[in-house]
Structure formats: structure tokens, C-alpha cells
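> Could you put the whole structure together from the sequences, leaning on the hints where they help?
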Amino acid sequence: MGVSSRGEPGSTTMVSAVTPRDLVPVGTSFPRIPVLKPSPVIDDGTLPAKAAIGELFTVAATVFREGHDAVGAQAVLTDPDGASRTVPLHPIQPAGFDRWGADVALDRLGGWTFRVEAFDDPFETWRHHAEIKIPAGIDVQLVCAEGRQLFEEAAQTAAAAGDQAAVSALAAAAESLAAPEQVEDRLSHALSAGVLAAADRFKPRRLLSSTREYPIFCDRRRALFSSWYEFFPRSQGAVRDERSGAWSSGTFRSSIERLDAAARMGFDVVYIPPIHPIGTSFRKGPNNTLEPGPYDPGSPWAIGSPEGGHDAIHPDLGTVDDFDDFVAHARSLGLEIAMDFALQASPDHPWVTEHPEWFSTRIDGSIAYAENPPKKYQDIYPINFDNDRDGIYAECLRLINFWISHGVTIFRVDNPHTKPVDFWAWLLAEVRRSNPEVIFLAEAFTRPEMMHTLGKVGFHQSYSYFTWRNEKSEIIDYITELSTETDAFLRPNFFVNTPDILPTFLQSGLASAFTIRAVLGATLSSNWGVYSGFELLEHEPLRPGGEEYLDSEKYQYRPRDFAAADADGSSLSLLLGVLNQLRHDHPALQQLRKVHFHTAPHDQVLAYSKKVGDDVVIVICSLDPHQTVETEVTLDLPAIGLDDHEVFGVHDELTDQTWRWGQRNYVRLTPDNPAHILTLRPLPTTPIASTAEQAPTTTEPAPSTAEQETAAARASEPAPRSGAAAVPTEAS
Numbered sequence: 001m002g003v004s005s006r007g008e009p010g011s012t013t014m015v016s017a018v019t020p021r022d023l024v025p026v027g028t029s030f031p032r033i034p035v036l037k038p039s040p041v042i043d044d045g046t047l048p049a050k051a052a053i054g055e056l057f058t059v060a061a062t063v064f065r066e067g068h069d070a071v072g073a074q075a076v077l078t079d080p081d082g083a084s085r086t087v088p089l090h091p092i093q094p095a096g097f098d099r100w101g102a103d104v105a106l107d108r109l110g111g112w113t114f115r116v117e118a119f120d121d122p123f124e125t126w127r128h129h130a131e132i133k134i135p136a137g138i139d140v141q142l143v144c145a146e147g148r149q150l151f152e153e154a155a156q157t158a159a160a161a162g163d164q165a166a167v168s169a170l171a172a173a174a175e176s177l178a179a180p181e182q183v184e185d186r187l188s189h190a191l192s193a194g195v196l197a198a199a200d201r202f203k204p205r206r207l208l209s210s211t212r213e214y215p216i217f218c219d220r221r222r223a224l225f226s227s228w229y230e231f232f233p234r235s236q237g238a239v240r241d242e243r244s245g246a247w248s249s250g251t252f253r254s255s256i257e258r259l260d261a262a263a264r265m266g267f268d269v270v271y272i273p274p275i276h277p278i279g280t281s282f283r284k285g286p287n288n289t290l291e292p293g294p295y296d297p298g299s300p301w302a303i304g305s306p307e308g309g310h311d312a313i314h315p316d317l318g319t320v321d322d323f324d325d326f327v328a329h330a331r332s333l334g335l336e337i338a339m340d341f342a343l344q345a346s347p348d349h350p351w352v353t354e355h356p357e358w359f360s361t362r363i364d365g366s367i368a369y370a371e372n373p374p375k376k377y378q379d380i381y382p383i384n385f386d387n388d389r390d391g392i393y394a395e396c397l398r399l400i401n402f403w404i405s406h407g408v409t410i411f412r413v414d415n416p417h418t419k420p421v422d423f424w425a426w427l428l429a430e431v432r433r434s435n436p437e438v439i440f441l442a443e444a445f446t447r448p449e450m451m452h453t454l455g456k457v458g459f460h461q462s463y464s465y466f467t468w469r470n471e472k473s474e475i476i477d478y479i480t481e482l483s484t485e486t487d488a489f490l491r492p493n494f495f496v497n498t499p500d501i502l503p504t505f506l507q508s509g510l511a512s513a514f515t516i517r518a519v520l521g522a523t524l525s526s527n528w529g530v531y532s533g534f535e536l537l538e539h540e541p542l543r544p545g546g547e548e549y550l551d552s553e554k555y556q557y558r559p560r561d562f563a564a565a566d567a568d569g570s571s572l573s574l575l576l577g578v579l580n581q582l583r584h585d586h587p588a589l590q591q592l593r594k595v596h597f598h599t600a601p602h603d604q605v606l607a608y609s610k611k612v613g614d615d616v617v618i619v620i621c622s623l624d625p626h627q628t629v630e631t632e633v634t635l636d637l638p639a640i641g642l643d644d645h646e647v648f649g650v651h652d653e654l655t656d657q658t659w660r661w662g663q664r665n666y667v668r669l670t671p672d673n674p675a676h677i678l679t680l681r682p683l684p685t686t687p688i689a690s691t692a693e694q695a696p697t698t699t700e701p702a703p704s705t706a707e708q709e710t711a712a713a714r715a716s717e718p719a720p721r722s723g724a725a726a727v728p729t730e731a732s
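So the sequence shown is numbered by the UniProt record's numbering: it starts at 1 and just counts up by one.
Just so you know, not all the hints are guaranteed correct.
[As the list claims (entries may be wrong)] Calculated pairs, DSSO-like style, for lysine-lysine (alpha carbon to alpha carbon, straight line, at most 30 Å):
| no. | residue 1 | residue 2 |
| --- | --- | --- |
| 1 | Lys376 | Lys419 |
| 2 | Lys611 | Lys594 |
| 3 | Lys594 | Lys472 |
| 4 | Lys375 | Lys419 |
| 5 | Lys37 | Lys611 |
| 6 | Lys611 | Lys472 |
Think of the hints as simulated: they come from the structure by calculation, not from any bench.
Pasting the structure below:
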């Protein structure tokens, strides 16, 4: 992988020897050399593909030509200011499909374009002939003369580019082919590494054929890589008077300590549900009942009251100044605040009287409330975006700009799939035009095509089906889809739980179940999130078989004693901190597209790796929170940059243990320690002590099942990292 003059990974600036006679216009069907199926391309280039600053992604196309002469390919990337750089493409495995590609990275926020060019490569054709003909004594003088001409032409191009070192190397290669020495020696000099490097940059590129330009939008890094923590400010510091039953709400000021806790756990985004005034009409009581008590706060998604709407703050939480201080404190900790953007209204919202045309009216004259039968949301009126389109659109953009002016840089959009796609295409384009740094997360657990389309029209991140992917095969299939099929337009955010969803996998309450889902969420996706209460192992459903929390925080105050759980060791906060620290330390965990699954015969063990440059992270995770699982893991060593049969050191970042591993490795995972997150380490000069997970070397067969069981019985379980309690202990 080369480095351009700008220093972008995956790029090598090239100068082509192209004259007007070499340029072949693209016709209505095919250019002179076919360049087909370019990627990443979204909907035939009508919408931009996604990238983020520093993210490696593949630009590729199918390139071939008639006959046996060599063909070459390159991508031309153009930045937001119109400056271009050229990246050579190479054949992609498997061979025989004429697919060419290269990993590239963009270095600037904004709109880019790319095109793929193909060309006749006379130098590569000559090189192929020379390596065959000269050793065989066929047409030796003619082959040398042809080579001299090509090197001289390349030297002229290098001179025009001002690269004197390349001129010298190429001119010397041309002279060597005419030298009186042994012809094999002449060829060896002409094809030396330095000469070939210069030739790759300045060789003739004829019959140049090109695709059209395709758009890519490069987002800031946070769109690709983020760790979210969600909490309700009204619950932080909320106090109930035991005598009267009256509640005092938490405030932005009392929530400062939760910002501090999120920062200590290594999160970089704090998401807060709606903070606006809440209506009283049809207010919901505990567990979504229709009978609220006098002190029940209602659902924060029932937005609007006489005290204001979407641009107001609930008076119980504080003032706008208090919110500004809250945002400023978050920034001082390296956190960004993500605000909920829920386009709906309570019956008491000012819009209902000021703009009744913004809602749907039923045949009896009443305004239609939200429904998802059998669920009814009598406290919420959905907006009809086909009534007064211009007024609604302008108001929504005004609201976004209002909160941007108060330091909000990320919006979590509630139920975007219940609003028109063309509205989102317009709104996100407008915000991107004025504030391209602002990020939108789509909370859309819905049909795949809608989720895909929301990603295509501009949502930077999306909730996903991760919550419901628990079996090994479905996890592999889903991650493969996300990382190789939808990666150019859908960035998943793997929330392990939400106020709406208590996954069935967690309802056992076992710490091992929570650990497994946290490890998977934090390492499979570059974006992940946790709703507060997860670290406390909250797991009681409203009803058996359901996915709603008992005593959901959506409808009542839920103050939690985080300090007590931290003190007695029952909290997972330290585990979350370790996971987030690993994510920040390892570039391999900061990308979505490069995930490789390895072989583990046990259907309850998932083995995968991520690799960026020299950084490699291997994860071996149990999918069974109830019992110990044992298996042999066979690693695809070339996928992690090692040779087959190589022996190497691995360090478990969760338990602080180090082992000697190879291609085949015995693994034992327990409920106390259900996962390994492994990084590569050089082998020590002194032997590593034998463990139950000592890898069989390439010269010895893997131990039999009986031998494995004997070894496991002898070995003690690895202890958690000192002071970190990385994997909480529980009874197996």
C-alpha cells in the first residue's frame, strides 16, 4: 500500500504518459476498454456513498480487454476543492473475474467524487514477454529495443513531472538494455525494484477509458466510530418524598455526575431523550397505563405543553443556560451530546392550536393520535407532512438550527421511518450544506428497504437488527451483510439495549449474558451504544416473552444507585470502560468493513478478527451464558497478516493473560470469563507457562478431546485484570 504526497494510506500519486491520441471517449455503450460495475456506487450514482475521514474502503471496478495484451486500472479521487489524486488498482482475488480494486482513505470532510480509468499497459505486456522470451533466447534484440523505447518514454514523462530520481532510474534501465553485457543481467537491472517503482508511476497509459464521476461524501470520524451512553436527566438525582409521594425531578445540574461517569467509562457520545415540556392530556402512567398519578412525569416523547414545544426545555430540568452549561461540561470531558429529535406532538403542543393543519383529522373531527396496533399512543399526535409542506419543512429546519446554535452536534431521530423519505432527503441535505459536521442517527427498527433508504438519503448511523441476532450463523450472516453488502450506505450502531427493548438474551439477569452482548456490540461494530441500567444488569420484563422493561423509565423516574453497585462489584461499569479503552487504542476496532470470521466447530463459540495495518484484534466469544464451552479454533493466519503455521504470542486484554498460539488453538470459555479479546504480542525469549489454552504448534497434532479435558481440569481459570474486574464473577 503506497502513500501519496499528501500521506493518505492506500494511495500513490501517478503521472500518466497520455497524449490526445490516447484519450478514447466513452460511447453510449462501452468505452474502448470496458470499465464496468464501479463501486462504491449508490443507486447508479444519484446518491453519494459513505466514507469517513481516515476510513479505509475499497474502490473497485471490473476491467478487461480483448486478446492477451495487458490492461491496467486506476481510480481518480477528487476532493471538495477539485484537487485530484490517482490511485493504482490491482487485481482482486479470486482471480479470473477481472475485478480490480484498492483500499483508499479520504482526508477531508465534504463531497468527493471518484472515477475508475482503464488503460492499455504496454509496459506490463513487454515485461511479460521479456521474462519469457529472453531466457528462451527468442527475439532478444527486438524485445530489448521495445523495452528501451518504453523506458525512454517513461523517462520523458518523469522529466515533465520534475522527478529527477525517476528520470535517472528509467534512463539507466533503457541504457542497460543496450549494454554489451549478458542479456539476462540487462533484464535483471531493468526490472529491479527501484526501476519498477518508477515505471509504475510514469509508464505509458494508452487507450485511456473511464467511467463517469461518482459521488462520495466524507463525514467526520465520529460518524464512523462512536460509543454511546444513554440516560434520562430527569432520573439523575430525582428524589421522592416518602410521606407525600411527590417527586422532585433530576436536573441538568444533577446530571453532571452522570456525564463524569460516562467519560470514565470511555464513552464519547451521551444521548438524552427529549428534554422538552410534556403534555398532560392522555398522559401515560407507570408501565404505559392510562391512569397516571398526580406526580407521574409522563413520556418525554409526548412533546409540548403550554410552556412550549420543541424549542423549549422542561422547566423541571432547568433553563436554557443550564442546558448550555451541561453541553459545555460534556465537551470539557471529550463528550458530545446527542439530542432526541422526535417530530410529533402531544395534544397540548402549541402547534395543535397554531397549526392544526399540520395534523391529520379523522372523520369525526378529532385529530388522529399515533397507533401501531395493538399499541395506542393517545398522548402523541403524528405530523402529516403532506399538509403545508413548506411550513412544516421550514419549522423542522429551524428547530435543528436552534439546537445546533446551543452546541448540539448529534441528533438521534425518533422513528424516522414514519416520516416521508423525501423530507429526510431535503432536511439532511440542507443541514449538510450549512453544518456538515452534524450527525444523524436513525432510530428505525423496521423493514430492510426503509432502513437502507434512510441510510442512502443521508442518515449517518442507524439502529440495527443486532438486538435479535443471537445464534452463531445469523450473527455471521448479518455482520457479513453489514460489512460487505450495505457498508457503502448503512452504518449500524449496535445498541445492546434501549428504553424500548430489553433483549430476551439479557432477561436471565446473568452477568455472563450482559458481558457477551457487550463484547459483541463493542467489537463487531465501530458504533455501539448502552442504555443506562445495562451496567446494573437490569433485566425484568413487563411480561413474560415481551421486550419491554418492567417499570420502564419512559413513564416514570428511575433513580439508580450506581455508586453502591460500583462499590460492591456488581456493576459492569469497569467492563464497559475496558471495552471502550480497547476501542480507542485499536484502529482495527474503529472500522466496520473489515471483519473476518475464523473456524470454531462449536456452535456456541464465535471467532473473528479485525485488522487495520499492523493492528490486529482477535475475539473468541461464547454465545452460551449458562455453561462452559470448549472448542478448537482454527485461525486463517494470512487474514491477520501471518504465515501459515507461524507461532506467535497473544495477549488477552480482558484477563491480562498471555499465551503461545498458532493456527489451531484449544479454547475454554466459562460463564465467569466468556470471551477473549486478543492482541498480538512478540513471543518472549523465555517460554510462556503452559495453560489450558496452550496452542498446538504446527509440528504437533492438536490434543485429543480427552487430553483437552485433562488439561482443562489441571488449569486454573485466568483471573481478571487487577483493579479492573474486567469480567465480573458469578456462579457458574
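> If a hint holds in the structure, say so; if it doesn't, say that too.
Hint check results:
no.	hint	verdict
1	Lys376 - Lys419	holds (18 Å)
2	Lys611 - Lys594	holds (7 Å)
3	Lys594 - Lys472	holds (18 Å)
4	Lys375 - Lys419	holds (18 Å)
5	Lys37 - Lys611	holds (27 Å)
6	Lys611 - Lys472	holds (21 Å)
Violated hints are absent here; each numbered hint is respected by the structure.
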